[in-house]
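Visitor: Below, each chain spelled out in residue letters.
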Amino acid sequence: MISFDFQYERPESIEEAVQAFQRADSAGLEPIYYSGGTEIISMARLNLLRTGAVIDIKGIPECNVMAVRQDRFVIGSAITLTNVVEANLYPLLSETSRNVADFTNRNKITIGGNLCGKFYYREALLPFLLADSQVVLAGAGGLRQVPIDLVMNGEPRLEKGELLVQIISEARYLALPFITVKKTKQEKIDYPIVRVTGLRAAEGIRMAFSGVSEAAFRSRELEEVLNDTALPVQERIEVAIRRWPYPILNDILSSAAYRTFVLRNTLTDAMEALERRRL
Amino acid sequence: MNGHPGSVKFEIELLVNDKSHHAAIRAADTLLRVLREHLGLTGAKAGCENGDCGACTVHVDGVPIKSCMMLAIEARGSRIATIEGLRNTPIQQAFVDHFAFQCGFCTPGFIMVCHALAEHRPKAGDDVIQEWLQSNICRCTSYEEIGAAIKSVLRWQG
Ligand SMILES: Cc1cc2nc3c(=O)[nH]c(=O)nc-3n(C[C@H](O)[C@H](O)[C@H](O)COP(=O)(O)OP(=O)(O)OC[C@H]3O[C@@H](n4cnc5c(N)ncnc54)[C@H](O)[C@@H]3O)c2cc1C
Ligand code: FES
Ligand code: FES
Numbered sequence: 000m001i002s003f004d005f006q007y008e009r010p011e012s013i014e015e016a017v018q019a020f021q022r023a024d025s026a027g028l029e030p031i032y033y034s035g036g037t038e039i040i041s042m043a044r045l046n047l048l049r050t051g052a053v054i055d056i057k058g059i060p061e062c063n064v065m066a067v068r069q070d071r072f073v074i075g076s077a078i079t080l081t082n083v084v085e086a087n088l089y090p091l092l093s094e095t096s097r098n099v100a101d102f103t104n105r106n107k108i109t110i111g112g113n114l115c116g117k118f119y120y121r122e123a124l125l126p127f128l129l130a131d132s133q134v135v136l137a138g139a140g141g142l143r144q145v146p147i148d149l150v151m152n153g154e155p156r157l158e159k160g161e162l163l164v165q166i167i168s169e170a171r172y173l174a175l176p177f178i179t180v181k182k183t184k185q186e187k188i189d190y191p192i193v194r195v196t197g198l199r200a201a202e203g204i205r206m207a208f209s210g211v212s213e214a215a216f217r218s219r220e221l222e223e224v225l226n227d228t229a230l231p232v233q234e235r236i237e238v239a240i241r242r243w244p245y246p247i248l249n250d251i252l253s254s255a256a257y258r259t260f261v262l263r264n265t266l267t268d269a270m271e272a273l274e275r276r277r278l
Numbered sequence: 000m001n002g003h004p005g006s007v008k009f010e011i012e013l014l015v016n017d018k019s020h021h022a023a024i025r026a027a028d029t030l031l032r033v034l035r036e037h038l039g040l041t042g043a044k045a046g047c048e049n050g051d052c053g054a055c056t057v058h059v060d061g062v063p064i065k066s067c068m069m070l071a072i073e074a075r076g077s078r079i080a081t082i083e084g085l086r087n088t089p090i091q092q093a094f095v096d097h098f099a100f101q102c103g104f105c106t107p108g109f110i111m112v113c114h115a116l117a118e119h120r121p122k123a124g125d126d127v128i129q130e131w132l133q134s135n136i137c138r139c140t141s142y143e144e145i146g147a148a149i150k151s152v153l154r155w156q157g
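Chains as they are written, first to last, in numbering that gives the first Met the number 0: chain R, 0 to 278; chain H, 0 to 157.
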């Protein structure tokens, strides 16, 4: 049971949602946007989150779009992971989303919630980082469209009261050769100890990671190392691990040493697979 | 209608098992709590209330949903189906025929997932069956028997 009360609103436009947020904020209610709600309910039940107002975004038409239009793949933040998997418009995104939580939860978990959530796994973010996607954000000043890299790489950096409306990717990325591998401690359904996603673009391999550290990220510096053909692949991987931009997690799922071992092996397999899938 | 800012409790109408129900709820009440404590529909079980076990699974507009992961207020205007709404379905008989339960705590949740699977994917293969059923946990480990029950129904439909 959630032990505190909050208001619930379900606006039907972006403007109404932003205004509802501002109103509740001015009233000191510490509002939050509510998408699938699975994280909000879980955290509220455990008293890890408190809010006086939730603003359900599932009635906003722009947040419910999923289509390829004029060479752009547009996906609204309220689209569920099950719908992403079933539509399969961006196979790397579908395959990655397929292993997030379990099927019934994916009927509720949304892309927006996965990208903006407090849990640092955010596995569905990785395919968008690799495709240099753009995000459409709505705030008090109106709409803005910015590279996803600027506001999501590593951790979400939305401004207070900003709503993630859509993610837009160029269609040319959708069909590129890819790899996505999730390694868990034991069960098929669990948070990753290592998630590696890779895309083979014209200029070389792109890679993004989750589960290894307290951040889901893509690093240009690591990609430079991994694409440095002057070095044998195994050496590139060792250098990449040495230059890892965040501390490697040491937690109940895995020790840092074991995670590093799994990361090394997964990177080796991923590099080989992407090499085989050369354009 | 939005949850009224000033009032902690407000009246809501929910369509459950093709019947309209009224309840005075808080916006923070989960669908699971409202079904069990306001409507007396205790078939959906409160196992973990954390999205992990699936014992609370119901259908919302035909889609299996963990009712502990949904606010009741979110379900306004949707068709909700609980285990109490299923009568003489092939999957219920199959659970009996295949001894697919022991203590029975997980059974309503499993049956709701299996029923949705039979409705939406009657030709599902092993991969799809596994993907859907992995959402639920049985602590008595009746998995073999549950697998046999759903397969018999899918064959029956096919
Ligand atoms: C059982 C279970 C298993 C899980 N397993 C995995 C896993 O394997 N891998 C993984 O990556 N994740 C996993 N998760 C985490 C899940 O993907 C995230 O918690 C995600 O946030 C849930 O999405 P939601 O739509 O329910 O989010 P919500 O609960 O609606 O929101 C989560 C947060 O994001 C904010 N938010 C939501 N939408 C927007 C928006 N459009 N604009 C701005 N802010 C927004 C909310 O304010 C809130 O702070 C799991 C969760 C559960 C319950
Ligand atoms: S009670 Fe809902 S998933 Fe366990
Ligand atoms: S029959 Fe006991 S938990 Fe499944």
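Don't read these hints as lab results, they were simulated from the structure.
Any given hint could turn out to be false.
Some chain H residues well away from chain R (every beta-carbon gap over 10 Å; in silico) [to be verified]: (1) A26; (2) C67; (3) G103; (4) F104.
Listed next, the in silico DSS-like pairs over lysine-lysine satisfying Cα-Cα at most 30 Å (straight line) [as the list claims (entries may be wrong)]: (5) H:K18 to R:K182; (6) R:K159 to R:K57; (7) H:K18 to R:K117; (8) R:K159 to H:K8; (9) R:K117 to R:K182; (10) R:K187 to R:K117; (11) H:K150 to R:K57; (12) R:K57 to R:K117; (13) R:K159 to R:K187; (14) H:K18 to H:K8; (15) H:K150 to H:K122; (16) H:K150 to R:K187; (17) R:K187 to H:K122; (18) R:K117 to R:K184.
Glycine is no exception: its CB is placed at the ideal position from the N, C-alpha and C atoms.
Visitor: Give a verdict on every hint.
Guide: Results for each hint:
1. A26: 4 Å, violated
2. C67: 7 Å, violated
3. G103: For G103 of chain H, whose nearest Cβ neighbour in chain R is about 19 Å away, the distance exceeds 10 Å, so it holds.
4. F104: It holds; F104 of chain H is separated from chain R by about 17 Å at its closest Cβ, greater than 10 Å.
5. H:K18 to R:K182: Not satisfied, since the Cα-Cα distance of roughly 45 Å exceeds 30 Å.
6. R:K159 to R:K57: Status holds; Cα separation ~20 Å.
7. H:K18 to R:K117: 38 Å, violated
8. R:K159 to H:K8: Holds. K159 of chain R to K8 of chain H sits at ~29 Å (cutoff 30 Å).
9. R:K117 to R:K182: Distance ~21 Å between K117 of chain R and K182 of chain R Cα, so the pair holds.
10. R:K187 to R:K117: 22 Å, holds
11. H:K150 to R:K57: Judged against 30 Å, a Cα distance of about 35 Å means the pair is violated.
12. R:K57 to R:K117: 19 Å, holds
13. R:K159 to R:K187: Violated. K159 of chain R to K187 of chain R sits at ~36 Å, over the 30 Å cutoff.
14. H:K18 to H:K8: At roughly 22 Å apart (the allowed maximum being 30 Å), K8 of chain H and K18 of chain H satisfy the hint.
15. H:K150 to H:K122: Holds, at roughly 10 Å.
16. H:K150 to R:K187: Between K150 of chain H and K187 of chain R the Cα gap is close to 22 Å, so the pair holds against 30 Å.
17. R:K187 to H:K122: Holds, because 24 Å separates the two Cα atoms, which is no more than 30 Å.
18. R:K117 to R:K184: Answer holds: K117 of chain R to K184 of chain R is near 21 Å, not above 30 Å.
Violated hints, listed in ascending order, are 1, 2, 5, 7, 11, 13; each of the other numbered hints is respected by the structure.
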